[in-house]
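All chains, full assembly: derive it from the sequences and hints.
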Amino acid sequence: MIVRELELDLDAFEGPFDLLLTLVLKEELDLAEVDVAGIVVRFVERLAEREQLDLEACGEFLVLVAALLELKARGLFPDEEAELADLEPEEAAEELARRLAEYRRMKEAAAWLVERLAGERDRFFRIGPAPLAPQPERRLAPQDPAKLGEVLRLLAAPPPTVSLAHMELRFPPVAQFVERFRALLTRRSVVDFDQEVGGLTRVEQAVAFLALLELRRANQITISQAAPFAPIRIARAEETAAANERTPAWIVHSA
Amino acid sequence: MDRPLRLVVANPLDALARTLEALLVVASAPLSLDELCAAAEEEQERVDLALGLLGERYAEGRSGIVLEQVAGGWAFRASREAADACARLFERPVQRGLSQAALETLAIVAYLGPCSRPEVARIRGVAADSAVAGLVERGLIAEAGREDGIGGAVRYRTTPLFERVFGLENLSQLPRLDDLGDDADMIRDRLHAVSAQRTA
Chain A
1 MIVRELELDL
11 DAFEGPFDLL
21 LTLVLKEELD
31 LAEVDVAGIV
41 VRFVERLAER
51 EQLDLEACGE
61 FLVLVAALLE
71 LKARGLFPDE
81 EAELADLEPE
91 EAAEELARRL
101 AEYRRMKEAA
111 AWLVERLAGE
121 RDRFFRIGPA
131 PLAPQPERRL
141 APQDPAKLGE
151 VLRLLAAPPP
161 TVSLAHMELR
171 FPPVAQFVER
181 FRALLTRRSV
191 VDFDQEVGGL
201 TRVEQAVAFL
211 ALLELRRANQ
221 ITISQAAPFA
231 PIRIARAEET
241 AAANERTPAW
251 IVHSA
Chain B
256 MDRPLRLVVA
266 NPLDALARTL
276 EALLVVASAP
286 LSLDELCAAA
296 EEEQERVDLA
306 LGLLGERYAE
316 GRSGIVLEQV
326 AGGWAFRASR
336 EAADACARLF
346 ERPVQRGLSQ
356 AALETLAIVA
366 YLGPCSRPEV
376 ARIRGVAADS
386 AVAGLVERGL
396 IAEAGREDGI
406 GGAVRYRTTP
416 LFERVFGLEN
426 LSQLPRLDDL
436 GDDADMIRDR
446 LHAVSAQRTA
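Line order of the protein sequences matches chains A and B. When you line the first sequence up against our numbering, it's residues 1 to 255, in that order. When you line the second sequence up against our numbering, it's residues 256 to 455, in that order.
Simulated from the structure, these hints should not be mistaken for lab results. Beta carbons: idealized from backbone N, C-alpha and C, even for Gly. Each hint should be verified, as a subset may be incorrect.
[Said to hold, decoys possible] Reference listing, derived: stretches of chain A covered by chain B, where coverage requires no fewer than 3 residues with Cβ under 8 Å from a Cβ of chain B:
{"id": "1", "stretch": "98-109"}
{"id": "2", "stretch": "115-124"}
[Claimed, not checked] Label pairs and their computed distance ranges (CB to CB):
{"id": "3", "chain 1": "B", "residue 1": "ALA340", "chain 2": "A", "residue 2": "PRO129", "range": "23 to 29 Å"}
{"id": "4", "chain 1": "B", "residue 1": "ALA337", "chain 2": "A", "residue 2": "ASP35", "range": "56 to 62 Å"}
{"id": "5", "chain 1": "A", "residue 1": "ARG116", "chain 2": "B", "residue 2": "GLY316", "range": "18 to 24 Å"}
{"id": "6", "chain 1": "B", "residue 1": "GLU336", "chain 2": "A", "residue 2": "VAL41", "range": "53 to 59 Å"}
{"id": "7", "chain 1": "B", "residue 1": "GLU336", "chain 2": "A", "residue 2": "GLU45", "range": "55 to 61 Å"}
{"id": "8", "chain 1": "A", "residue 1": "ILE127", "chain 2": "B", "residue 2": "LEU288", "range": "20 to 26 Å"}
{"id": "9", "chain 1": "A", "residue 1": "ASP35", "chain 2": "B", "residue 2": "GLN428", "range": "42 to 48 Å"}
{"id": "10", "chain 1": "A", "residue 1": "ARG153", "chain 2": "B", "residue 2": "PRO373", "range": "55 to 61 Å"}
Written out as structure tokens, the structure is:
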């Protein structure tokens, strides 16, 4: 029985095994499409037709199918082994042979280990955690006590107090500014906001602006600004009926 | 009294031998020559001689305790004739058999180690994760650093226990792979024959 003349009838291929191998090695047939199990079944069927076991053919077939399977596996997981794909068919065959031989040697080594283990079955010995090793002594060079005291004094000095000034935010009540703007507007018809708050702190300016918004909400004033960042001008609201109605309704909360 | 002249003088190495004996009986793993020298505060040459003395005293067939050179050091073990009795009371380090996958993985790590799981998988053609984990659990292999580069795979090497279980003085006692039958040429010829046939 000649393995390479094994006639195959698969979905992806019909013809002798030899041709299949040729096409695969030439990459004219995608191995992923080939049902390797089908090849094995066909071979086993052919084998069964004969009365005598053809060891030579079986060996050859195994080698070829193993190589095919390895190629197929690598084809199915391409990113794992990109290097094989870059090789010429001859080189790929060489590489496969090298790997098969390497694996074969490791199998032999494993068999040797089995044998060795069987031979060494009678070895009994103590296994356990290692007894504690003595702690290495840490020897210090001779020291000068005065120098040590000096260093300790440096460490003992109280650290400079940390300023928390930046964390203090004092908010004056919004009502204070509301009253102030009201008082101003009884004397003057138009007030320049920037001018009024110019001398105040940033926080006070912010609260003053809140007071402004409160007054505007209550329709007691009108605010105008010619352009962004231009001076904000505050004027008394027109004495409209609507404004009068809503005036007493507002309540001011200090921040 | 007319005593005959004592020909067997107390060996000057006896005291050292007794010290080494004591160290070895306390140890749970083989002690290297360096360790013995350091603990006994003796020169290597004398320790070697004393070990020779002990080796004669604790030889197979002479004593229930046998001194052996194993896993890069010296250790006591039970004599083989006591193995059956030992087996009734104690479990062997590798009592349960190793699977074929574990044996092949062990062989690869022993010969090519330190090597990583991907390397083992590459040679065996299948993932080696469970085989490696099993061998680590049995203490036959252990982690030995990582492969170069960021996130490199963990590498494994065989442990002193491996050498002990298999009775090896060191890894160089493993048979050469070439002696285990190199049939790369045979396989290569087969594959070449196939590629030759396709051109015909």
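The hints, checked one at a time:
| no. | hint | verdict |
| --- | --- | --- |
| 1 | 98-109 | holds (count 12) |
| 2 | 115-124 | holds (count 8) |
| 3 | B:ALA340 - A:PRO129: 23 to 29 Å | 25 Å, holds |
| 4 | B:ALA337 - A:ASP35: 56 to 62 Å | 58 Å, holds |
| 5 | A:ARG116 - B:GLY316: 18 to 24 Å | 22 Å, holds |
| 6 | B:GLU336 - A:VAL41: 53 to 59 Å | 55 Å, holds |
| 7 | B:GLU336 - A:GLU45: 55 to 61 Å | 56 Å, holds |
| 8 | A:ILE127 - B:LEU288: 20 to 26 Å | 21 Å, holds |
| 9 | A:ASP35 - B:GLN428: 42 to 48 Å | 47 Å, holds |
| 10 | A:ARG153 - B:PRO373: 55 to 61 Å | 60 Å, holds |
The earlier numbered hints are all upheld by this structure, with none contradicted.
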